[in-house]
Amino acid sequence: MNLKEKLISSFMAFENNADIDIDSHVHDIRSDAISNFEAKGFPTKKEEEWKYTSLNSILKYDYSVFPKNNKSIEYKDVKIYFLHEIESYKIVFVDGVYSSFLSDTSHEIADICILSSALKRPKYKMIIDRYFGKIASKNESLTSLNTAFSKEGAFINIPKNTVLPKPIQIINFSTGTESEIMLQPRNLLVVGENSHVEIYERHQSLNDNVVLTNAVTEIFANKRAIVDFYKVQNDKKSASLVDNTYVQQKESSVVSVSTFSFGGKLTRNNLEFHHEGEHITSNLNGITIIEDKQHVDNHTLVKHKFENCESHELYKGIYDDASTGVFNGKVIVNKEAQKTNAYQQNDNILVGDKAAVNAKPQLEIFADDVKCSHGCTIGQMDENALFYMQSRGIPKKEAKALLLFAFGNDVVEKIKIPALKKRITKLIAEKLKVDFEFKM
Amino acid sequence: MLEIKDLHAGIEDKEILRGINLNIKAGEIHAIMGPNGSGKSTLSSVIAGNETYEVIEGDIVMDDNSILELSPDERAHKGIFLSFQYPVEIPGVTTTNFIKTAINAKRKAKGLEDLPAKDMLKMIREKSSLLDMDRKFLSRSLNEGFSGGEKKRNEIFQMAMLEPKLAILDETDSGLDIDALKIVANGVNKLRNEDNAVIVITHYQRLLEYIVPDFVHVLHDGKIVKSGGAELAHELEDKGYDWLK
Numbered sequence: 012m013n014l015k016e017k018l019i020s021s022f023m024a025f026e027n028n029a030d031i032d033i034d035s036h037v038h039d040i041r042s043d044a045i046s047n048f049e050a051k052g053f054p055t056k057k058e059e060e061w062k063y064t065s066l067n068s069i070l071k072y073d074y075s076v077f078p079k080n081n082k083s084i085e086y087k088d089v090k091i092y093f094l095h096e097i098e099s100y101k102i103v104f105v106d107g108v109y110s111s112f113l114s115d116t117s118h119e120i121a122d123i124c125i126l127s128s129a130l131k132r133p134k135y136k137m138i139i140d141r142y143f144g145k146i147a148s149k150n151e152s153l154t155s156l157n158t159a160f161s162k163e164g165a166f167i168n169i170p171k172n173t174v175l176p177k178p179i180q181i182i183n184f185s186t187g188t189e190s191e192i193m194l195q196p197r198n199l200l201v202v203g204e205n206s207h208v209e210i211y212e213r214h215q216s217l218n219d220n221v222v223l224t225n226a227v228t229e230i231f232a233n234k235r236a237i238v239d240f241y242k243v244q245n246d247k248k249s250a251s252l253v254d255n256t257y258v259q260q261k262e263s264s265v266v267s268v269s270t271f272s273f274g275g276k277l278t279r280n281n282l283e284f285h286h287e288g289e290h291i292t293s294n295l296n297g298i299t300i301i302e303d304k305q306h307v308d309n310h311t312l313v314k315h316k317f318e319n320c321e322s323h324e325l326y327k328g329i330y331d332d333a334s335t336g337v338f339n340g341k342v343i344v345n346k347e348a349q350k351t352n353a354y355q356q357n358d359n360i361l362v363g364d365k366a367a368v369n370a371k372p373q374l375e376i377f378a379d380d381v382k383c384s385h386g387c388t389i390g391q392m393d394e395n396a397l398f399y400m401q402s403r404g405i406p407k408k409e410a411k412a413l414l415l416f417a418f419g420n421d422v423v424e425k426i427k428i429p430a431l432k433k434r435i436t437k438l439i440a441e442k443l444k445v446d447f448e449f450k451m
Numbered sequence: 003m004l005e006i007k008d009l010h011a012g013i014e015d016k017e018i019l020r021g022i023n024l025n026i027k028a029g030e031i032h033a034i035m036g037p038n039g040s041g042k043s044t045l046s047s048v049i050a051g052n053e054t055y056e057v058i059e060g061d062i063v064m065d066d067n068s069i070l071e072l073s074p075d076e077r078a079h080k081g082i083f084l085s086f087q088y089p090v091e092i093p094g095v096t097t098t099n100f101i102k103t104a105i106n107a108k109r110k111a112k113g114l115e116d117l118p119a120k121d122m123l124k125m126i127r128e129k130s131s132l133l134d135m136d137r138k139f140l141s142r143s144l145n146e147g148f149s150g151g152e153k154k155r156n157e158i159f160q161m162a163m164l165e166p167k168l169a170i171l172d173e174t175d176s177g178l179d180i181d182a183l184k185i186v187a188n189g190v191n192k193l194r195n196e197d198n199a200v201i202v203i204t205h206y207q208r209l210l211e212y213i214v215p216d217f218v219h220v221l222h223d224g225k226i227v228k229s230g231g232a233e234l235a236h237e238l239e240d241k242g243y244d245w246l247k
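These protein sequence lines map, in sequence, to chains Z and W.
The working numbering puts the first residue of the first sequence at 12, with every later residue one more than the last.
The working numbering puts the first residue of the second sequence at 3, with every later residue one more than the last.
For reference, chain Z alone in the conformation it holds in the complex:
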């Protein structure tokens, strides 16, 4: 039985599981989703959106679809994966199962809890009916697969006029008690009018067993809401991640998603922004630093449908050894979306001789009174700059690191949580293999 067949047959068992809700609405969403997955199957390189990313190497395993969670983990052993320097809410999952022991949830000023309980409780039915599955693609097969198995993940519901006093950390651990596991976390984030939230998300496997995570996050930002979402992808080289993040924004909201892809075997990020009002700002930032045969694919889509909105997109990539990258940035400006200001920049440095990047900026502009720009560069280390720095006494290794660090610095500068900025700076130094303090 191949993985697709295994998943489809597992779906019946999953849906019949008495432990989960019987809400017909969600049931219908799941059933439609499995049908779509069944019809489409896993994406292949024949599809335009998957031309440069093959899933073959990660689909060959016999994944356990319902991992058993019987290993307890001590906070002290996993502390380093948290932003432990600061106060925060924490929503933690171990092998796809909520860990109340590691979490710090709340219902005080906002619901910062888990999807499985939200799906069960009548008091959240209205929110679930209104938002769940509403913007996650119904055509994309991996998103459908997640929707079909959606059961657990972070559920964050922030009422209007609420500024959360501390960030929320969403951490998904896999312990590898079984040799090959597949996880399908599903997050729902609803941010009320004038509210503000900062989120730090991480997928982390704790040993070298094979893990495939197929995550879906839906973010709804109501009027004037501010959402800062940071994705830190620094997993083991045995772990792969497909991250699908869908954002819907209402008038005057500002949503920023920053993706730091430093690890993993294969990482695919699908990030979509949908505008439902004027004066919206969408920020998409990313840094990729990979080596060996690692692969990172950033697919972004911003759909401008209303007037006076802005999108700012900045992705940088540093590729060593035989690592490969993809950047596909699509910006669509509808005919009605006059006075749009859309900016996109993607810069890449190939450090390794066998590294490669496929970059594709795609702008489809149907309005005539807009300001849209895009740029894309792929280059190598500047030998003149290296000699210049060396001639001032800076050793080659440090000179290289300083140049690469400076290259990514404008993305780092956009991080608004100081502890995270420090952490990312340190991670970058680690990735560039220098023991070097960068102060820009």
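Bear in mind the hints are in silico, worked out from the structure with no lab data behind them.
Don't take each hint at face value.
If you anchor each label on the Cβ, the simulated ranges turn out as follows [said to hold, decoys possible]:
#1 Z:Asn352 x W:Leu70: 51 to 59 Å
#2 Z:Ala440 x W:Ala28: 37 to 45 Å
#3 Z:Asn352 x W:Val57: 48 to 56 Å
#4 Z:Lys371 x W:Asp66: 53 to 61 Å
#5 W:Lys138 x Z:Asp379: 57 to 65 Å
#6 W:Asp65 x Z:Pro429: 44 to 52 Å
With a Cα cut of at most 30 Å, we get these calculated DSBU-like pairs of lysine-lysine [claimed, not checked]:
#7 Z:Lys444 x W:Lys112
#8 W:Lys112 x W:Lys80
#9 Z:Lys411 x W:Lys167
#10 Z:Lys432 x W:Lys110
#11 Z:Lys407 x W:Lys7
#12 Z:Lys437 x W:Lys138
#13 W:Lys184 x Z:Lys432
#14 W:Lys102 x Z:Lys425
#15 Z:Lys432 x W:Lys102
#16 Z:Lys411 x W:Lys80
#17 W:Lys102 x Z:Lys407
#18 W:Lys120 x Z:Lys432
#19 W:Lys138 x Z:Lys433
#20 W:Lys102 x Z:Lys433
#21 Z:Lys407 x W:Lys241
#22 W:Lys120 x Z:Lys425
#23 W:Lys110 x Z:Lys408
#24 W:Lys120 x Z:Lys437
#25 Z:Lys427 x W:Lys138
#26 W:Lys184 x Z:Lys408
#27 Z:Lys407 x W:Lys112
#28 W:Lys120 x Z:Lys407
#29 Z:Lys408 x W:Lys167
The beta carbon of each residue, even a glycine, is placed where N, CA and C say it ideally should be.
Position chain W against the provided structure of chain Z, taking the given hints into account.
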């Protein structure tokens, strides 16, 4: 201090320097002049250790040791400084941070601790006012969007900060107007002492009005074809280079 012995060097299969001999002592200023393509910039790159060029024959000796096997940063640690004809723009690294990194790299190579921030700032203030520099350049990305003159002034500022034993000024005068030229020359003169030496590489005699050399060498086709005192520069200004070929 620096002795160049029968130096042959080139790029790929092309020999550019064809037997250079030069002896520079502490406290001296040497000017190297010559027409375009004579090998002036190659000579400065080879002394600084640019790996693009290959040394075919001969030796470069500094303080009794050959430096040919040293990397550019190791040469910098020994006190060699090259002011570039075309300084490189480095986006994202401020001038202050760059010079701080350079100074501390040199100190680390000598087994010293980082220079305390307070001392660093004081030094930056002193040296930048010596060159009449607008401080706003210090917090901007190194050379990015600087005019030609600003870049050259920044080179001399870095030289002042690094206090080299041997400074090579490669066409520092190109791109400078007369006022900037005076400031730069004045800066170089103030940094001179009996323990350091300067090699001024230039096409024109103009800069040598302000930085007066002890020796002038004429480079042609990869060889020094004539050496003399400061007066040789004037002679070249009058007669051009043709009579030496």
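Checked hints:
A C-beta distance of roughly 56 Å is found between Z:Asn352 and W:Leu70, which places it inside the suggested range of 51 to 59 Å. For the pair Z:Ala440 and W:Ala28, the beta carbons lie near 40 Å from each other, so the given range of 37 to 45 Å is met. Roughly 55 Å separates the CB atoms of Z:Asn352 and W:Val57, a value that falls within the hinted 48 to 56 Å. Checked against the hint of 53 to 61 Å, the pair Z:Lys371 and W:Asp66 passes, with Cβ atoms roughly 59 Å apart.
W:Lys138 and Z:Asp379 have their C-beta atoms about 40 Å apart, which leaves the hinted 57 to 65 Å range violated. Taking the beta carbon of each, W:Asp65 and Z:Pro429 are about 47 Å apart, inside 44 to 52 Å as hinted. Restraint check for Z:Lys444 and W:Lys112: the C-alpha separation of about 23 Å stays at or below 30 Å, so the hint holds. Note on W:Lys112 and W:Lys80: the hinted pairing holds, with a Cα-Cα distance of about 10 Å set against a maximum of 30 Å.
For the hint linking Z:Lys411 to W:Lys167, the alpha-carbon distance of about 26 Å falls within 30 Å, and the restraint holds. The suggested pairing of Z:Lys432 with W:Lys110 holds, with an alpha-carbon distance near 27 Å, which does not exceed 30 Å. The hinted pair formed by Z:Lys407 and W:Lys7 meets the criterion: a straight-line CA distance of about 28 Å does not exceed 30 Å. Restraint check for Z:Lys437 and W:Lys138: the C-alpha separation of about 28 Å stays at or below 30 Å, so the hint holds.
Straight-line distance between C-alpha atoms of W:Lys184 and Z:Lys432 comes to about 45 Å, which puts the hinted pair past the 30 Å bound. For the proposed pair W:Lys102 and Z:Lys425, the alpha carbon gap of about 24 Å is at most 30 Å, so the pair holds. As the CA atoms of Z:Lys432 and W:Lys102 are separated by approximately 22 Å, the hinted pair is consistent with the 30 Å bound. With a CA separation close to 21 Å, the supplied pair Z:Lys411 and W:Lys80 stays within the 30 Å bound.
This hinted pair checks out: W:Lys102 and Z:Lys407 have alpha carbons roughly 16 Å apart, not beyond 30 Å. Restraint check for W:Lys120 and Z:Lys432: the C-alpha separation of about 25 Å stays at or below 30 Å, so the hint holds. The hinted pair formed by W:Lys138 and Z:Lys433 meets the criterion: a straight-line CA distance of about 26 Å does not exceed 30 Å. For the hint linking W:Lys102 to Z:Lys433, the alpha-carbon distance of about 20 Å falls within 30 Å, and the restraint holds.
Proximity of Z:Lys407 to W:Lys241 is assessed by CA-CA distance (about 44 Å); at most 30 Å being required, the pair is judged violated. Distance restraint check for W:Lys120 and Z:Lys425: the Cα-Cα separation of roughly 29 Å lies within the 30 Å cut-off, and the hinted pair is therefore satisfied. With a C-alpha separation of about 14 Å, the suggested pair W:Lys110 and Z:Lys408 falls inside the 30 Å cut-off, and the hint holds. Our distance criterion of 30 Å between C-alpha atoms is met by W:Lys120 and Z:Lys437, whose separation comes to about 25 Å.
Using a Cα cut-off of 30 Å, the hinted pair Z:Lys427 and W:Lys138 holds, with the two alpha carbons roughly 26 Å apart. Of the pairs offered as hints, the one joining W:Lys184 and Z:Lys408 is violated, with about 37 Å between alpha carbons and a cut-off of 30 Å exceeded. A hinted pair counts as satisfied when its Cα atoms are at most 30 Å apart, and Z:Lys407 with W:Lys112 qualifies at roughly 17 Å. Our distance criterion of 30 Å between C-alpha atoms is met by W:Lys120 and Z:Lys407, whose separation comes to about 27 Å.
Of the pairs offered as hints, the one joining Z:Lys408 and W:Lys167 holds, with about 25 Å between alpha carbons and a cut-off of 30 Å not exceeded.
In terms of the numbered hints stated before, the structure departs from hints 5, 13, 21, 26, listed from lowest to highest.
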